[in-house]
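Spelled out, the chains give:
Number of protein chains: 2
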Amino acid sequence: MRIIETQPERTDLPLVVVPNIVDAMLEPFTGTLDLLRDVARVRIYTEPTLDEDTLVERMEGAKGVVIIGFHVSDAMLDRVGDHVGCFAFGGTGVASYINLIATRERGIRVCNVVHYGDGAVAEHAVALMMELARHVGRMDAAMHVGGWHGEDGVSLEDKTIGLVGFGGIGQRMARIARGFGMQLLVWNSHLDVQAVRDLEATPVNDLGELFERSDIVSLHLPLLPDTAGLIASEQLNRLRPGTLFVNTARAEVIQPGALTSRLQRGDISAGLDVFDTEPLADDDPLRTLPNVVLTPHVAWRAEAAYASLTRQLSQSLAAYFKGESFNIAN
Amino acid sequence: MRIIETQPERTDLPLVVVPNIVDAMLEPFTGTLDLLRDVARVRIYTEPTLDEDTLVERMEGAKGVVIIGFHVSDAMLDRVGDHVGCFAFGGTGVASYINLIATRERGIRVCNVVHYGDGAVAEHAVALMMELARHVGRMDAAMHVGGWHGEDGVSLEDKTIGLVGFGGIGQRMARIARGFGMQLLVWNSHLDVQAVRDLEATPVNDLGELFERSDIVSLHLPLLPDTAGLIASEQLNRLRPGTLFVNTARAEVIQPGALTSRLQRGDISAGLDVFDTEPLADDDPLRTLPNVVLTPHVAWRAEAAYASLTRQLSQSLAAYFKGESFNIAN
Chain A
1 MRIIETQPER TDLPLVVVPN IVDAMLEPFT GTLDLLRDVA RVRIYTEPTL
51 DEDTLVERME GAKGVVIIGF HVSDAMLDRV GDHVGCFAFG GTGVASYINL
101 IATRERGIRV CNVVHYGDGA VAEHAVALMM ELARHVGRMD AAMHVGGWHG
151 EDGVSLEDKT IGLVGFGGIG QRMARIARGF GMQLLVWNSH LDVQAVRDLE
201 ATPVNDLGEL FERSDIVSLH LPLLPDTAGL IASEQLNRLR PGTLFVNTAR
251 AEVIQPGALT SRLQRGDISA GLDVFDTEPL ADDDPLRTLP NVVLTPHVAW
301 RAEAAYASLT RQLSQSLAAY FKGESFNIAN
Chain B
1001 MRIIETQPER TDLPLVVVPN IVDAMLEPFT GTLDLLRDVA RVRIYTEPTL
1051 DEDTLVERME GAKGVVIIGF HVSDAMLDRV GDHVGCFAFG GTGVASYINL
1101 IATRERGIRV CNVVHYGDGA VAEHAVALMM ELARHVGRMD AAMHVGGWHG
1151 EDGVSLEDKT IGLVGFGGIG QRMARIARGF GMQLLVWNSH LDVQAVRDLE
1201 ATPVNDLGEL FERSDIVSLH LPLLPDTAGL IASEQLNRLR PGTLFVNTAR
1251 AEVIQPGALT SRLQRGDISA GLDVFDTEPL ADDDPLRTLP NVVLTPHVAW
1301 RAEAAYASLT RQLSQSLAAY FKGESFNIAN
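So the protein lines, in turn, are chains A and B. Note that the working numbering numbers the first sequence so that position 126 is 126, with each residue one more than the last. For the working numbering, add 1000 to where a residue sits in the second sequence, where the first one is 1.
Treat the hints loosely; a few may be bogus.
[Unchecked claim] The calculated DMTMM-like cross-link candidates involving lysine to aspartate or glutamate, where the alpha carbons are at most 25 Å apart (straight line), are:
| # | chain 1 | residue 1 | chain 2 | residue 2 |
| --- | --- | --- | --- | --- |
| 1 | A | Lys159 | B | Glu1027 |
| 2 | B | Lys1159 | A | Glu27 |
| 3 | B | Lys1159 | B | Asp1192 |
| 4 | B | Lys1159 | A | Asp152 |
| 5 | A | Lys159 | B | Asp1023 |
| 6 | B | Lys1159 | A | Asp23 |
| 7 | B | Lys1063 | B | Asp1082 |
[What the hints assert, rightly or not] Not close to chain B: a few residues of chain A, all C-beta gaps over 10 Å, as computed:
| # | residue |
| --- | --- |
| 8 | Thr30 |
| 9 | Leu77 |
| 10 | Asp82 |
| 11 | Gly85 |
| 12 | His144 |
| 13 | His149 |
| 14 | Gly208 |
| 15 | Leu224 |
| 16 | Ser261 |
| 17 | Gly266 |
Treat the hints as calculated values from the structure; they're not laboratory data. Even glycine gets a Cβ: it sits at the ideal position worked out from N, Cα and C.
Assemble the whole structure, with the sequences as input and the hints as a guide.
Laid out in structure tokens, this is it:
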């Protein structure tokens, strides 16, 4: 097992442990560790594990812990809560990964990272939209085994895209859509009026109306109590035949099963990066629908996002040890 | 065999024959035939053929002929040249499909269509770029057979795209790239100064330098005597590892074999819609390279292009019969 440790001789400094990491994050993360020089020594375990005992063992003696790719159960928290003072979570939506109330009661700080993936997610939404419009991946697969069978595409210029959610990612998507010469409809609970004006977007208050007027619909909502189950069959039924539907946000903003039912009618197509259960079950009906393009929750996984995410992790930990505030989630 | 004929009773009108058509063009084309009302009757053969005798037979009595998907050999021209007065070609690059000098000597007009596919081609170039950057098609193929294996992507924001060719398609591509927040380098024999300024592009006079400075290179040159073989190994060798290379223009602007050799080194990836020989040979080495995404010359095949192309065909024929000039190529 390979362990990377910065400043190992500085046992006077508090210890930060990264008990699990994904390969792609290793290089960007080590590139940010200068932010912790003379603040904390960092120990990174490069061999992945999701085993609870192993994770707890690796966290031994740590004051700071980076959470990447695993959940901190309440039981795990009991086992490490006596020495860990700060958990830095490598993502947004930390509430699904650790008990925020329990950590607060123990006086443990939990940090998340924000907006790190806005560009990466918007660009992935475009990639899904392009595959739905032009079928490059499907034709490429056929070309690699011989033959010469082309498919017609859908044009995007002058089409209308409906953006559900108009925060950091939605606005990024809007700028790209403007470059294509598309018309923008936007729905958001609290609209950024300046962004609406700058991007020449048209606000639509009724979600069903937005669905009906759009040639492409792309979701860019965070998962919040307000947005969970926001989209129901009622709205999905108003999508016109031929609509391209893209979800890189969260599956839970749609009522369970509603999208699959709508897609099974076969008259619209969808590009989906997020699912009610992840990993997606091998026998999920979405896997076999011909009008669906699937990716395994990778929208944020591009180098710009890794760079921003890992930098924020180091900044959060440095702030904790210096008694400053940064990205505190609990 | 199904034959569609407009105004069949108007035998006083000259006959236009469409001896071969692709399915996707049928509906857009019939939608434009009002332009020929009281000008010419139109007979469309909907069953495809590339057989020379059948094509000649179908052209019998025609004053106007639409060329879609077949070549008019000099021998075929001899057989129909006594009655055909105008060939309207459904594409650009008509010189590869009929002898322009021989038709001019016979006093036969040849028309082509222009700029019909600018948007469609630029959007397909984006689709190829997105597949190279985000691998949606590859992940989707894997997801459809089970599993959950993600791949990291390349971010596009702040990257530099080098556009070789800055006419209608190149400028369309530039606008889309600006929407992504990319930097633009452009090379063209005659630069449209206003477009360079509007799109905040940086002209680069040396093609090798443009290749070296770009994270993405996309070709948007027409095939002309000046551009044939313009790009050689010398320039391709200056592409940096990790570069995404896209060609939706013409394979012949690159010296034969030079791109395949460069790609076989494996350190760059390419999205290609055009090939030296089309259809691409089943045993072409490009078919098996893992760093290449292939589509079968479909970049122009989107509905906006079909609409513009078929409209121009009807406009060309109407102009011919009315003694006006429109899209004359010879």
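Cross-check of the supplied hints:
Restraint check for Lys159 (chain A) and Glu1027 (chain B): satisfied, since their Cα atoms lie roughly 20 Å apart, inside the 25 Å limit. Of the pairs offered as hints, the one joining Lys1159 (chain B) and Glu27 (chain A) holds, with about 20 Å between alpha carbons and a cut-off of 25 Å not exceeded. Proposed proximity of Lys1159 (chain B) and Asp1192 (chain B) is supported: the alpha carbons are some 23 Å apart, at most 25 Å. A distance of roughly 30 Å separates the Cα atoms of Lys1159 (chain B) and Asp152 (chain A); the hinted pair therefore is violated under the 25 Å criterion.
A threshold of 25 Å between alpha carbons decides the hint, and for Lys159 (chain A) with Asp1023 (chain B) the separation of about 23 Å falls inside it, so the pair holds. For the suggested pair Lys1159 (chain B) and Asp23 (chain A), the alpha carbons sit about 23 Å apart, so the restraint of at most 25 Å is met. Restraint check for Lys1063 (chain B) and Asp1082 (chain B): satisfied, since their Cα atoms lie roughly 9 Å apart, inside the 25 Å limit. No Cβ of chain B approaches the Cβ of Thr30 (chain A) within 10 Å, the least distance being about 17 Å, so the stated non-interface status holds.
Annotated as non-interface, Leu77 (chain A) keeps its C-beta farther than 10 Å from every C-beta of chain B; the closest such distance is 27 Å. Once the 10 Å rule is applied to beta carbons, Asp82 (chain A) is consistent with being away from chain B; the minimum gap is 35 Å. Distance to chain B confirms Gly85 (chain A) as a non-interface residue, since its nearest Cβ pair spans about 32 Å, more than 10 Å. Not every CB of chain B lies more than 10 Å from the CB of His144 (chain A), the least distance being 6 Å, so the non-interface label is violated.
Once the 10 Å rule is applied to beta carbons, His149 (chain A) is inconsistent with being away from chain B; the minimum gap is 7 Å. The claim that Gly208 (chain A) lies off the interface holds: its Cβ sits roughly 26 Å from the closest Cβ of chain B, which is beyond the 10 Å cut-off. Against the 10 Å criterion, Leu224 (chain A) stays outside the reach of chain B, whose nearest CB is about 25 Å from its own CB. Every beta carbon of chain B lies more than 10 Å from that of Ser261 (chain A), the smallest distance being close to 19 Å; the non-interface claim holds.
The claim that Gly266 (chain A) lies off the interface holds: its Cβ sits roughly 16 Å from the closest Cβ of chain B, which is beyond the 10 Å cut-off.
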